[in-house]
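Enquirer: Chain residues, written in single-letter form:
Number of protein chains: 2
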Amino acid sequence: MRNVILILFTAGLILLTQLIDLKGTENNKESRYVIVVHGGAGAMSKNIPDSLREVYYKSLSEALNIGKNILEKDGSALDAVEKIINYLEDNPDFNAGKGAVFTSEDTHELDASIMSGIDLSCGAVAGVKHIKNPISLARLVMEKSPHVLFAGEGAEQFGKKMNVEFVENDYFHTPEQLQKWNERKSENKKVTVGCVVLDKKGNLAAGTSTGGMSGKMPGRVGDSPLINAGTYANNKTCAVSATGWGELFIRNTVAFNISALMEYKNMSLKEASKLMIMDRLPEKSGGIIAVDKDGNYAAEFNTNSMLRGIADSDGNFEIKIWE
Amino acid sequence: MRNVILILFTAGLILLTQLIDLKGTENNKESRYVIVVHGGAGAMSKNIPDSLREVYYKSLSEALNIGKNILEKDGSALDAVEKIINYLEDNPDFNAGKGAVFTSEDTHELDASIMSGIDLSCGAVAGVKHIKNPISLARLVMEKSPHVLFAGEGAEQFGKKMNVEFVENDYFHTPEQLQKWNERKSENKKVTVGCVVLDKKGNLAAGTSTGGMSGKMPGRVGDSPLINAGTYANNKTCAVSATGWGELFIRNTVAFNISALMEYKNMSLKEASKLMIMDRLPEKSGGIIAVDKDGNYAAEFNTNSMLRGIADSDGNFEIKIWE
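Protein sequence lines correspond, in order, to chains F and B. Quick note on our numbering: the first sequence kicks off at 1 and runs consecutively. Quick note on our numbering: the second sequence kicks off at 324 and runs consecutively.
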């Protein structure tokens, strides 16, 4: 009889512990998710043809939907960031992956970085020439190497070990970029793609991928592959992805600075983002997208345009180019 | 007569303005200078032979004297940083320039960065294999290119244009490094050199140069060439140069973070440096040297040793390895 009571008592205890655990998990679990994506800040005229506007709306909508599908199934912020950026890298309409612009030597050099807000783990690649999806290689640097950043051939050697998809450098010679390059059009020359996500577990992640500055000198590294300058994520504060004149974003530590202003000065995400983009940076230098740990989001830019979209679990779904 | 009075009055006004100007300049001018230099944080045993201890004392003394000569003649913080680091790069006893360690492929890849606190201008090179003095190439990136960071071959192409001194990669095969490498000694594997200076005009500068992590995978970029992680200078706050496990310094934005804690949290240089190195970073990960705009300096490390020296215009002159 005493054994039965002991067993019942123990079973009750276990059940109670599990109920408390479940409740704890339930409480910690934010059920909201937020996705913000950008396709670069620039000087896009409001007079672009409707057909081009449609192209951007369609692509950014598709990017957001890829993220929604992942996050609604309780997928991670990191997976959403990677898969959204993979889509934009494979889309020739953006200066990242397939649509990468030309260097001054008529080649292509791609950069990308990704960061998880859970533990500040991060990975990046700079100056890769044959990697189809640089953001995925950046994630492998983060998860499968003890390092943060690989540049040039060393990055590609690591890619070989990781079995990522290689392409010839002329895979990035899209007819549109080639035509623009031949005409030396400067429009959109600094665009980049990026994404920040808060997932249902309350984890933040950020990623940025780019073909770099059109006509850049070979070997030039901008802010996109640099954690703290172009990309930052920290569950204590926010996730940020930047786009614009990379050198200014490095000198002003833009992505990390927004997090620092929140953490050290108790600024809101909106205030911190505005201060960095509107006050600290010169006009026409670029912009950022960001989401904080509570699901507030920001998209600030001091250029004429920034292609961007936002979607969340409350049903908000919006694409914008100007304003 | 009225004209004479007018002329005298105007002359008086001009004289007065100039006197006020001079006074203003005099007031703004700090007559103090401070130099802090490091030769890397590591696990150096206190039982090293006296002869080796002498080598380090002599080299760091010489480095400080090079800086003193420049600063006493009203030279700039930037010149002092570059020339001090040039000396350490040419000295085979440090893991930078001539004494660079081996990569996993038995080659050498060098990184360096430099920053001016006056206007946050900065320059860096990563993964160069044939540049005798990477810190000088970093300064040329800062002053003669619109960019901040060049990696790999592109950095060397830029070096060719700038006519810097090239060497064969085996210039860096010093007998001592070769012996260490052949014996696969891990001691000192992460050391770096760096320097921070406050000059008499009150300007700050910081620089860092390294041969990277011994046995690193080719293409791996640590914190040394990364502004904000390994090097930072801002006349509003401080100048910092870091040494240690680069990936942790990138993830924790160490150099910029010390400046941010001072600017946003009103911490002293000492408090900010201690917080970063002792609380935010894991044990045995490295250290920093720093000097603030008022001439306070700090040398914090969570490793067993950090080779370092400090000299200032008040006559302080000190070299330390442990404590």
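Hints in this document: simulated from the structure, not taken from any laboratory. By construction, the Cβ of each residue, glycine as well, lies at the ideal position given by its N, Cα and C atoms. One should not assume that every hint holds.
Ranges between beta-carbon positions, derived for each pair [said to hold, decoys possible]:
(1) B:Ser384 / F:Glu143: 27 to 35 angstroms
(2) F:Asn65 / B:Glu499: 38 to 46 angstroms
(3) F:Asn163 / B:Pro605: 48 to 56 angstroms
(4) B:Lys483 / F:Asn69: 34 to 42 angstroms
(5) F:Lys46 / B:Glu466: 54 to 62 angstroms
(6) B:Met601 / F:Asp119: 15 to 23 angstroms
Computed, partial: chain B to chain F, Cβ under 10 angstroms [as the list claims (entries may be wrong)]:
(7) Asp429
(8) Asn526
(9) Asn580
Chain F residues, not near chain B, derived (Cβ > 12 angstroms throughout) [what the hints assert, rightly or not]:
(10) Glu72
(11) Lys161
(12) Asn169
(13) Asp170
(14) Thr174
(15) Arg220
(16) Ala255
(17) Asn266
(18) Ile319
Enquirer: Broken hints, numbered, in rising order?
Expert: 1, 2, 3, 4, 5, 7, 8, 11, 15, 16, 17
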